[in-house]
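Peer 1: Each chain is listed here by its residues.
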Amino acid sequence: MALLSIENLQTHLRVGKKEIIKAVDGINLEINKGETYCLVGESGSGKSICALSVIQLLPTGISLHPEGKILFDWAKKEGGSAIVDTLTLEDDDLRKVRGASIAMIFQEPMTSLNPVLNIGEQIVEAIQLHHPDTSDSAAKAQAIEAMDQVQIKDAARRFSDFPHQLSGGQRQRIMIAMALACKPDLLIADEPTTALDVTVQAEILTLMKDLQKDIGMSILFITHDFGVVAQMAHTVGVMKQGKIVEQGKMRDVLMNPQHEYTQKLLASVPENLEKPAKFIPEKNHADDDNVFEIKDLNVWFPIRTGVFRKVSDHIRAVDGVDLNIKRGTILSLVGESGCGKTTLGRAIIQLQEPTSGSVKLDGEELVGLSNKELVPYRKRMQIAFQDPQSSLNPRLQIVTTLIEPMTVHGIGENKEERIERAAKVLEEMQLKRDHLWRYPHEFSGGQKQRIGLARALVLSPEFIVCDEITSALDVSVQAEILQLLLEIRKKQDLTLLFITHNIAVVEYLSDETVVMKAGKIVEQGLTTDVCGNPQQAYTQKLLEAVPRLNL
Amino acid sequence: MTNKKIEMLEHKRSSGFVSKVARETFAGWGAKIGLLWVVILTILAVFSPFLANTVPLLVSKQGEISAPFLRYFNVEDVIFLSGFIILLFIILTPIKKSFFKSFATFVVLMTITVIVANIFVKPPALIIYDDFRLKQNQGEYDWSVNAPIPYSARDYMRDSTDTPLREPLAKSDFPHYMGTEENGADVMSRMIHASRVALTIGFIATGIALVIGIIIGGLMGYFSGIVDMLGMRLLEMFESVPVLFLLLTFVAFFGRNIYLIMIIIGLTSWSGYARYTRAEFLKLRKQEYVQAAIASGLPLRSILFRHILPNGIAPLLVSVSFGVASAIMAEATLSFLGLGSVDAPSWGGMLNQSLKASTFNWWMAVYPGGAIFMTVFAYNLIGEAMRDAIDPTTSKRS
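As they're listed, the protein sequences go chains V and S. Here the first sequence is numbered in my numbering, starting from 29 and rising by one per residue. Here the second sequence is numbered in my numbering, starting from 4 and rising by one per residue.
Fair warning: there could be bad hints in the mix.
[Claimed, not checked] When the alpha-carbon atoms are kept at most 27 Å apart in a straight line, the in silico DSSO-like pairs for lysine-lysine are as follows: (1) K519/V <-> K452/V; (2) K104/S <-> K46/V; (3) K23/S <-> K545/V; (4) K443/V <-> K104/S; (5) K23/S <-> K460/V.
[Said to hold, decoys possible] Far from chain V, by Cβ distances over 10 Å, these chain S residues were calculated: (6) I130; (7) I229; (8) L263; (9) L301; (10) R309; (11) H310.
These are calculated hints, taken from the structure and not from any lab test. C-beta atoms are modelled at their ideal positions from N, C-alpha and C, and glycine is treated no differently.
Please model the complete structure; the sequences and the hints are all you need to start from.
Peer 2: Printed below as a string of structure tokens:
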């Protein structure tokens, strides 16, 4: 008998008064003891809802289960075991199961700990809740042991730290420690590493695997990343629109996918995308034909302390960067969060005022110009953003968003001509002409990103900063956007600065790569060199941490 | 898909944010009741000369038909009527336009009306109401049509032998639905005419406060740094001014002018709006679409008023409806203290009258008190519903 077996589970969510969404629509799966089951799918496929159904954390008012069973082999703490259906379990029993036998960790480490309690207390609380007879000192000892287990250094001393004193990775470790403090039989991990940097992700994944070996628990692991699946899973289930379209042993599914949806998803992973033939710009640019020449660029943010807000130190977001961006190349800027890559991108196009240094566009100095003086240069350098939700003004029709910059820069004779041009650019972005007359909320994330790119392209710039434009997108949509970018580049003489943390995307897309760490450039060169044969220790570590799909 | 569903989708596509919020706001019962009351109030205010007037609406004198009440229209009557017509015109014209454009059109047309009305409307300075009743009684007209309440607000019934302070519906030659006040004027007529003060004070005071608040708050939020610092200090200075004492002083110096009071309430109550606007601008200026607007080299005017303001206006709209309610309360308080306008009727002033009389006359307290309560309640209901519509996370409905 499997530890958890879900039989024909239906989870419906009520939207409005009558409408119902079948978030989970007839799922069957089994998780054996000590096994990791990876549920993988794109956003909105119902994988999180499925996990929340297991532990019964969905609000009762809006969710209902017209059919199905979630059978859990409940090894009771007071001895004996019984097979229970968590869907019909009484609240009292459910509370005993939650935390003690089924534990859960969430995606967002920043918000899943209570900020006003210190981390030790939170672990102790979890222990004493399920083992009320544990004494305070014993619970504390257990908590410290649990923290040791998740490799928090100097656990006894950090016991009374508050969540804000820990980094994202450490918080996720504490979450894991809390979840494991009661030695559950099943751990549900809902995208536990999605919000973390690759190096931290690698550590957490290794930790989870080690702990699983020690304790022998089962894991229901939810993710959208096939790289992570390849690292973690014994069994994989691929979800699409509330249904599992394919499941099986991890190797079978990843190496030899049967269902066409799985095939499509796997083909969209940047590592599997067909690498385009090396692109040679039509106009052969000389080697020293640089769009941007950046010398000793600094962006420092002051840290003020004391009563008089005296500047005591600086955060050096960008610290003495020298960089030449060759015309017609795609330059990737990679690094972990907080390394200053976004700030550098914005400082180059003068969205962020540099503290000192020089940025030359075609030999013309940009640093020190006033906003008015910058206007003629703005047309030549554009930016596209990460978050599809906030990159378009929700109150303006797409047409207004697109033609307003054209009007300012005097592109097109009259409004009709501008609208015509906007429509053309939209069509280039594989959108429809009548999308011009819609508002942003009517589009999906991928469509919004295309419109964001269109807004940059209507001014026919020479240079575009793409700031993590695919990070918030599903893999299949990401693949489409990446291919689109390459196509545009083929048509126009365009230089791209592609800021990302995703190494696979870098390898697929870019000609040159720059690796940043703590505001400084660590390594730069041709992508094939940097990614294929990294020289610096940091680059090597970064590349090793990337969860690879090839088994 | 049925036709109706397609229609709905089409509708969704073309509707902007304001109409969406309006739809959601007035979906519930509370806001509907609030809106109904405000509409009733507006109709009363606009048509008060038609509803409560001693001067007959239509008379026939030796076969010649005339409308004598038109001659006695004062500036206020003209402004209210034309305002109503402009509003209807803007709402009913089939041309699609944004909320902000219609609003701007309304403000501009109203300003013109106010100026024109002040120059050209010259009603007779003295009205002897008793004359009209006398003429009618003597049979000078062939026939005449009177207003439903045949008493003007300032008609003190000098020709009547009834004692003042009569109870509602007391038996008399002149029936009064809500009784009379201490000078003998009809309470219901005064109630109807006073709805104008309640309506205008809300809009003028809040309008002034809103404009100042948005400009100062917006500049503070967008530029931050030293501008923000200075702006905040200015704001704190204004917040520390006790409004009631300021009003007392102004009334002492400049006399009891209701419009002056509105302006002062407006000039001193913008700090809340400025704080809201500042917070929104601080948050929104780092939004990516604002960054994109800057990166496209758009002029500051467009960035502030096209890309930031419409997105930050939502919490302001909520506080506006509460602001209107509190402005009405402020005016009522002043009038209650006996500092309101002397002659023009106002609800707060009527409450004051009820207090001053030697006996407690319930009809002098209940009607104006009830009206103030209903009006403030109505605006609060609308504000509450609007907050839920704008920010679904605060909604009580899950």
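Peer 1: So, for every hint listed, does it hold in this structure?
Peer 2: Consistency of the hints with the structure:
| no. | hint | in the structure |
| --- | --- | --- |
| 1 | K519/V <-> K452/V | holds, 14 Å |
| 2 | K104/S <-> K46/V | violated, 37 Å |
| 3 | K23/S <-> K545/V | violated, 46 Å |
| 4 | K443/V <-> K104/S | holds, 20 Å |
| 5 | K23/S <-> K460/V | holds, 25 Å |
| 6 | I130 | holds, 51 Å |
| 7 | I229 | holds, 12 Å |
| 8 | L263 | holds, 37 Å |
| 9 | L301 | violated, 6 Å |
| 10 | R309 | violated, 7 Å |
| 11 | H310 | violated, 5 Å |
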